[in-house]
Amino acid sequence: MTTVPSRPLQSSVAIEDVTSLKERSFGQRLLSSQPFWVTVALLIICVVMAWDQPEAFATADNFYNITRNFAFIGIMAVGMTAVILTGGIDLSVGSIMGLVGVVCGLVLHAEHYWAVAIAAGLLAGAAAGAVNGFLIAYVGLPAFVVTLGMLSVARSLAVVLSENRMIYEFGPWGETFNAIGGGSILGVANPAWALLVLALIFGFIFNFTAWGNYLYAIGSNETAARLTGVPVRRIKMQAYIVSGLTAALASVLTVGWQGSAINALGQGYELRVIASTVIGGADLMGGQGGAYGAVVGAALIEVIRNSLLMAGVDANWQGAFVGLFIVLAVLLQRIRGKRSA
Amino acid sequence: MALLELQGIAKHFGAIEALKGVDLSIDAGEVVGLMGDNGAGKSTLVRVIAGNFRPSEGQIRIAGKAKHFHNPVDARSEGIEVVYQDLALCDNLTAAANVFLGREIKRQVGPFRVLDYPAMYSRVAELFNELKSETRPRDLVKQMSGGQRQAVAIARTRLSNARIVLMDEPTAAISVRQVAEVLDLIRRLRDQGIAVMLISHRMPDVFSVCDRVVVMRRGTKVADKNVHETSPEEVTGLITGAIHTA
Ligand SMILES: Nc1ncnc2c1ncn2[C@@H]1O[C@H](COP(=O)(O)OP(=O)(O)OP(=O)(O)O)[C@@H](O)[C@H]1O
Ligand SMILES: [Mg+2]
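Respectively, the protein sequence lines represent chains A and B.
Counting from 1, one number per residue, gives the positions in the first sequence under the numbering used here.
Counting from 1001, one number per residue, gives the positions in the second sequence under the numbering used here.
Careful, some of the hints might be misleading.
A few chain A residues facing chain B, derived, Cβ under 8 Å [to be verified]: (1) Pro-54; (2) Asn-65; (3) Ala-210; (4) Ala-217; (5) Asn-221; (6) Thr-223; (7) Ala-224; (8) Thr-228; (9) Leu-284; (10) Gly-287; (11) Gln-288.
For the chain B half of the interface with chain A, some residues (derived, Cβ under 8 Å), not all of them [said to hold, decoys possible]: (12) Leu-1024; (13) Val-1073; (14) Tyr-1084; (15) Gln-1085; (16) Ala-1088; (17) Gly-1102; (18) Glu-1104; (19) Leu-1115.
These are calculated hints, taken from the structure and not from any lab test.
Every residue, glycine too, gets a C-beta built ideally from N, C-alpha and C.
Construct the entire structure; sequences and hints are all you get.
If you want it as structure tokens, here you go:
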């Protein structure tokens, strides 16, 4: 995904006339964009499944389940995109989910207002992201190591805080809290609406704000970004806070949907989240990716999982498929990168 | 009073002494050529002036006032613009985004400050036109030729009202016609009273556009002469060390 709007500019006709020969058309750009092909793949799978299993796949119920299921991963993938654009990675999102879930559960259990529980959860996620970001951007430690450390620390905190028990007695405001994550509007699950709104917001931020532009700049040449006066460290730290916040939002919605908080929530999700962004066209080396790609990437993984289930394949194969896909997606990027270089 | 004055500038990288006691001054409207062999310390000197490196010793004065630059933004706010040797471009951004990186034009849309792409594209198209470069504002830098990349880096220095422009080998990768354009641009900058420091390995460029030529060898300044009082032969000798001082 590029920062280029598709509408051509009329005011600079003179220079455009001379040089329009090599200008790539919108169609060409579309054909070379990974999110486009992932969308095509997604549609093909849906059509094939709807034709093969009209009673099971092509139902309102199944649509409801699929969109809700990938919404959680998609929400985190949008935040992860901010981090990956800078050339970083956040391995701690699954553990942050666990920690945030426990925090929300405990606050509700202590009979506090539902909004207090959500605020406490988001704050916990932002704090974990801020610690990651500070160590990476200001201390200069590698993102891989810092977020791997946070993966362990946040999970351990979740276990300690929950005293290794499931929290399900949510107090007087539990019902409202559960309705937010578990409810639906117009036949679509709330988490899916949350994903839609979030993706629109971040699609806008990535493409139309200086902050979004700086993420791409840092990821494609950090030294150049620093030389030209981009506040590199601040932006990098903020990207990790965004990732922590989206993990927290996914957790708040999951806990509400399930009606209980367990400290194992989100275990292993980091790989699915990273896979979603990469399948959707984000480059792990930085500087490339987008909100839409993260969402279709997450959708593709979930639709394939759903299809496998319906085809009678053991659900435990999903891990193998996700792993295979992430490697394939990176391989595809390498091949395309070689061609355009 | 000189516009830019360096006094006793030294820069060490651990045991490496990249610069040793360099004194240099440039007046407004003056073009100074900086020459020297590979590793002589030219780029290091540029980076000290541009606020990328703090000098280990010495002082930088602008219009007589001592300045301490902590980062490139500080130097830019004093009117110092730089074309870096490696161009400092972000491959995944468009030409326009690169030119405006760090000082984007924004527009208020409701409560949001949004990038004003049309304004940036037309301004950058103007700059490329002025440089007579066939570079399209909306193309990704990744897909550009060496000359177009150089045009992007040079266009950056034209965004604001610069007082001092430092160019580190701006003509290294471009065609004969474009070299002439860059040299022309340097003359126009000079006519506007801007001080220019041109680093180049190309003797004819330096002698055609510069008022003065400064030669560096192994971190020290070995010559600082009016172009009319020296010759390409002498400068070559100074660069290689065949002539020691002049
Ligand atoms: N960041 C750095 N760390 C360590 N040493 C450096 C650094 N930057 C430059 N040097 C050293 O300083 C010396 C001068 O380098 P500089 O880049 O200034 O040379 P130059 O005159 O620009 O050469 P060229 O013509 O090849 O561009 C070299 O020996 C180089 O290895
Ligand atoms: Mg150099």
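(request) Grab the minimum C-beta distance from Thr-223 (chain A) to chain B and call the hint holds if it beats 8 Å, violated otherwise. (result) For Thr-223 (chain A), the interface hint holds, since the closest Cβ of chain B sits about 7 Å away, which is under 8 Å.
(request) Using Cβ atoms only, decide whether Ala-1088 (chain B) comes closer than 8 Å to chain A, and label the hint accordingly. (result) Holds. Min distance 4 Å.
(message) Please check whether Leu-1115 (chain B) passes as an interface residue: C-beta within 8 Å of a C-beta belonging to chain A.
(response) 5 Å, holds
(message) Checking hints one by one. Is Pro-54 (chain A) an interface residue toward chain B, by the C-beta closer than 8 Å rule?
(response) Pro-54 (chain A) check fails; min Cβ-Cβ to chain B is 43 Å, beyond 8 Å.
(message) Tell me if the interface restraint on Gln-288 (chain A) is satisfied: Cβ within less than 8 Å of some Cβ in chain B.
(response) Holds: closest Cβ of chain B sits about 6 Å from Gln-288 (chain A), inside 8 Å.
(request) For the hint on Ala-217 (chain A), just tell me whether its beta-carbon gets within less than 8 Å of chain B. (result) OK, holds: Ala-217 (chain A) within 8 Å of chain B, min 5 Å.
(message) Does the closest beta carbon of chain B sit nearer than 8 Å to the beta carbon of Gly-287 (chain A)?
(response) Check passed: Cβ of Gly-287 (chain A) comes within 4 Å of chain B, closer than 8 Å.
(message) Quick check on the hint: Asn-65 (chain A) CB to chain B CB, less than 8 Å?
(response) With Cβ-Cβ at 35 Å, over 8 Å, it is violated.
(request) Answer holds if the nearest beta-carbon of chain A is closer than 8 Å to that of Leu-1024 (chain B); otherwise answer violated. (result) Since the shortest Cβ distance to chain A is 22 Å, the answer is violated.
(message) Would the hint on Tyr-1084 (chain B) be counted as holding, given a Cβ-Cβ threshold of 8 Å to chain A?
(response) 6 Å, holds
(message) The hint names Asn-221 (chain A) as touching chain B; please verify it with the least Cβ-Cβ distance against 8 Å.
(response) 5 Å, holds
(message) Does Val-1073 (chain B) hold up as a contact with chain A if the rule is Cβ-Cβ below 8 Å?
(response) Holds, about 4 Å.
Going down the numbered hints, you'll see the structure goes against 1, 2, 9, 12, 15, while the others check out.
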